[in-house]
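Q: Given next are the chains, with one letter for each unit.
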Amino acid sequence: MPKTLKVRVDPEKCQGHNRCKAVAPDLFVLDEYGNAREVGDGSVPPGQEEKAYLAKSNCPEFAVEVIEEHGEQ
Amino acid sequence: MTARPPVNDWATDWDHLDPQWINDPFPIWDEMRRTCPIAHTERFMGVYFPSRYEDVRAISYDTEHFSSRRVVVRETPPPRIPAPPITSDPPEHRPARMVLLPPFTPDAMKKLEPRARALCNELIDKFIARGACDAAVEYAQEIPARLIAHMMDLPETDGDLYRKWIKMILEDGITDVSVAVQAAGEMQHYFMGPVHERDEKPGDDLISYLNKVEFKGQKLSAENVIGSLRLLLIAGIDTTWSGIGSCIWHLARTPEDRRRLIAEPSLMPTAIEEFLRAFAPVTMAREVVKETQINGCTFKPGQMVLLSFPAACRDPDMFPDADKVIIDRKENRHAAFGLGIHRCVGSNLARMEMTVAVEEFLKRIPEFNLAGEVTWSEGTVRGPRKLPLRFA
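Each protein sequence line maps, in turn, to chains C and Y.
First residue of the first sequence: 282, per this note's numbering; consecutive thereafter.
First residue of the second sequence: 422, per this note's numbering; consecutive thereafter.
The following block holds chain C by itself, in its conformation from the complex (with noise of 0.2 Å):
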């Protein structure tokens, strides 16, 4: 069964530190000040499995989730 990822931020802990949108800028949007929040619904795209955990373990407020889906399919 093929396994989805999904990054979130929770926006109650972020303090816009940036690592995530610096270690994976493909997952992650910042607003105008500087807070970030996941692209679109957060799905990871192939190949950018490790940038997601890299973004979840360089998060000073571990802010940032990587969720493990399983599909089906």
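Derived by calculation from the structure, the hints in this document are not laboratory data.
Be a bit skeptical, because a hint or two may be false.
[Said to hold, decoys possible] Think about it this way: if two alpha-carbon atoms lie no more than 25 Å apart in a straight line, the pair counts; the simulated SDA-like pairs of lysine to any residue are:
#1 Y:Lys637 to C:Arg318
#2 Y:Lys633 to Y:Asp574
#3 C:Lys294 to Y:Met739
#4 Y:Lys637 to Y:Lys784
#5 C:Lys302 to Y:Arg515
#6 Y:Lys784 to Y:Lys640
#7 Y:Lys640 to Y:Ile762
#8 C:Lys284 to C:Asp312
#9 Y:Lys751 to C:Ala303
#10 Y:Lys721 to Y:Met519
#11 Y:Lys622 to Y:Met572
#12 C:Lys332 to Y:Arg681
#13 C:Lys294 to Y:Arg515
#14 C:Lys294 to Y:Glu752
#15 Y:Lys588 to Y:Pro427
#16 C:Lys294 to Y:Ser687
#17 Y:Lys745 to C:Ala303
#18 Y:Lys622 to Y:Arg681
#19 Y:Lys532 to C:Asp307
#20 Y:Lys751 to C:Gln329
#21 Y:Lys784 to Y:Ala550
#22 C:Lys302 to Y:Pro686
#23 Y:Lys532 to C:Val310
#24 Y:Lys531 to C:Lys284
#25 C:Lys284 to C:Val310
#26 C:Lys294 to Y:Pro511
#27 Y:Lys532 to Y:Glu635
#28 C:Lys284 to C:Lys332
#29 C:Lys287 to C:Arg318
#30 C:Lys302 to Y:Asp749
#31 C:Lys302 to Y:Met519
#32 Y:Lys751 to C:Ile348
#33 Y:Lys711 to Y:His486
#34 C:Lys284 to C:Pro326
#35 Y:Lys807 to Y:Ala792
Using the hints provided, position chain Y relative to the given structure of chain C.
A: This is chain Y only, laid out in the frame that chain C set:
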């Protein structure tokens, strides 16, 4: 600085102005983490010192018991030098912070980057032929001072004045509060003219931006504008100066890292984050406003907490091999810019300045080493203040 009474015991009598702490605080913090992770001193009218990441983090998030109204530990009762939002607590904190964020986003910093690169090269031009320099005095300290002046559209040559005020507030003012108050007054006077001028003839600069910016329909008061400018000057100069200086100090002593960065320039962002962790320059403070307990230690109201992000960043429970500088460290949730609502507003500026400063230096001067005694700042911000180098 007059001689201070020697420290009897780091757990109960610590002193961050002690020469041993100033020159090499890391072994002291390691010892504290093992034996007394929340230390206390009667000096400075009573201050706690948490040395573990976990406790620094807990206090950063706890704005109910720990107030930011005093963010510098001093020996005598504090002067009131408001510099919102760094000295603000909720709920006043949020609006004061929100207005400062847009000029410091990563995109805004990209626009500033060409000026930063040119500036670094102008500085290098002045000393490269000599084959030697003091990288703290002739390079690191000039970059943030000139760049913040550039952002405010003030003379870039006013940097000497800025550094004088910063020293008065953050170093000399620890033991003599009147010096800090005097500096705050001089800064008020310095900014008053430009703030009024830009009110009438706005430009594309930070002062004009602060004059006109609104949050929820409210403009900032003139006092608030000047307070914010004072904060940006105080917080934006010796911090990044220290950060840049520490990077170059490390690279002067570690040829293998220097050569690897030249060979693999894509490693630079990861390396800069590691330098930020290992040599985090900024220590903040909080005032205990309500009694509370953290990890079995009671915090008494009226006492201060020295909130050492640098110590947190060296905690081996959070960072494996915390005492090693690993320029390709993959996981790095460092706290160099603080944690929680007071995350450094200028973090993107500081990162850009550090990156550009190191890149341009390595491009022009790939081989260099230490050529004399290095001295370190004392107090709230840690970094080299004398950094003599010889180029190979």
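Q: Hint by hint, say whether it matches the structure.
A: These are the hints, each one checked on the structure:
Between the alpha carbons of Lys637 (chain Y) and Arg318 (chain C) the distance comes to roughly 22 Å, so the proposed pair stays at or under 25 Å and holds. For a cut-off of 25 Å, the pair hint linking Lys633 (chain Y) to Asp574 (chain Y) stands: about 16 Å separates their Cα positions. Between Lys294 (chain C) and Met739 (chain Y), the direct Cα distance comes to roughly 19 Å. Compliance with the 25 Å bound is thereby established for this hinted pair. Annotation: proposed proximity of Lys637 (chain Y) to Lys784 (chain Y) is violated, straight-line Cα distance about 46 Å (limit 25 Å).
Proximity of Lys302 (chain C) to Arg515 (chain Y) is assessed by CA-CA distance (about 23 Å); at most 25 Å being required, the pair is judged to hold. Simply put, Lys784 (chain Y) and Lys640 (chain Y) have alpha-carbon atoms about 44 Å apart, too far for the 25 Å limit, and the pair is violated. Taking the CA atoms of Lys640 (chain Y) and Ile762 (chain Y), the gap is near 22 Å; set against the 25 Å cutoff, the hint holds. Distance check on the hinted pair: Lys284 (chain C) and Asp312 (chain C) sit about 30 Å apart at the alpha-carbon level, beyond 25 Å; violated.
Between Lys751 (chain Y) and Ala303 (chain C), the direct Cα distance comes to roughly 13 Å. Compliance with the 25 Å bound is thereby established for this hinted pair. For a cut-off of 25 Å, the pair hint linking Lys721 (chain Y) to Met519 (chain Y) is broken: about 31 Å separates their Cα positions. Proximity of Lys622 (chain Y) to Met572 (chain Y) is assessed by CA-CA distance (about 16 Å); at most 25 Å being required, the pair is judged to hold. Between Lys332 (chain C) and Arg681 (chain Y) the alpha-carbon distance is near 23 Å, which keeps this suggested pair within the 25 Å criterion.
With a C-alpha separation of about 14 Å, the suggested pairing of Lys294 (chain C) with Arg515 (chain Y) holds against the 25 Å cut-off. The suggested pairing of Lys294 (chain C) with Glu752 (chain Y) holds, with an alpha-carbon distance near 19 Å, which does not exceed 25 Å. Between the alpha carbons of Lys588 (chain Y) and Pro427 (chain Y) the distance comes to roughly 24 Å, so the proposed pair stays at or under 25 Å and holds. For the proposed pair Lys294 (chain C) and Ser687 (chain Y), the alpha carbon gap of about 29 Å is over 25 Å, so the pair is violated.
Proximity of Lys745 (chain Y) to Ala303 (chain C) is assessed by CA-CA distance (about 23 Å); at most 25 Å being required, the pair is judged to hold. Annotation: proposed proximity of Lys622 (chain Y) to Arg681 (chain Y) is violated, straight-line Cα distance about 49 Å (limit 25 Å). Distance restraint check for Lys532 (chain Y) and Asp307 (chain C): the Cα-Cα separation of roughly 21 Å lies within the 25 Å cut-off, and the hinted pair is therefore satisfied. Between Lys751 (chain Y) and Gln329 (chain C) the alpha-carbon distance is near 16 Å, which keeps this suggested pair within the 25 Å criterion.
A distance of roughly 15 Å separates the Cα atoms of Lys784 (chain Y) and Ala550 (chain Y); the hinted pair therefore holds under the 25 Å criterion. At most 25 Å may separate the alpha-carbon atoms for a hinted pair to count; Lys302 (chain C) and Pro686 (chain Y) meet this at roughly 19 Å. At roughly 18 Å between alpha-carbon atoms, Lys532 (chain Y) and Val310 (chain C) fall within 25 Å of each other, so this suggested pair holds. Of the pairs offered as hints, the one joining Lys531 (chain Y) and Lys284 (chain C) is violated, with about 37 Å between alpha carbons and a cut-off of 25 Å exceeded.
In summary, the hint linking Lys284 (chain C) to Val310 (chain C) is supported, as the alpha carbons are separated by about 24 Å, within the 25 Å threshold. Of the supplied pair hints, the one linking Lys294 (chain C) and Pro511 (chain Y) holds, its CA atoms being roughly 16 Å apart against a limit of 25 Å. For the hint pairing Lys532 (chain Y) with Glu635 (chain Y), the CA-to-CA distance comes to about 23 Å; that is within 25 Å, so the pair holds. The suggested pairing of Lys284 (chain C) with Lys332 (chain C) holds, with an alpha-carbon distance near 16 Å, which does not exceed 25 Å.
Using a Cα cut-off of 25 Å, the hinted pair Lys287 (chain C) and Arg318 (chain C) holds, with the two alpha carbons roughly 12 Å apart. Pair hint Lys302 (chain C) plus Asp749 (chain Y) holds up; C-alpha atoms about 18 Å apart against a cutoff of 25 Å. Between the alpha carbons of Lys302 (chain C) and Met519 (chain Y) the distance comes to roughly 20 Å, so the proposed pair stays at or under 25 Å and holds. Between Lys751 (chain Y) and Ile348 (chain C), the direct Cα distance comes to roughly 20 Å. Compliance with the 25 Å bound is thereby established for this hinted pair.
In summary, the hint linking Lys711 (chain Y) to His486 (chain Y) is supported, as the alpha carbons are separated by about 5 Å, within the 25 Å threshold. Annotation: proposed proximity of Lys284 (chain C) to Pro326 (chain C) holds, straight-line Cα distance about 12 Å (limit 25 Å). Taken as a hint, the Lys807 (chain Y) and Ala792 (chain Y) pair is honoured in the structure, with Cα atoms around 11 Å apart against an allowance of 25 Å.
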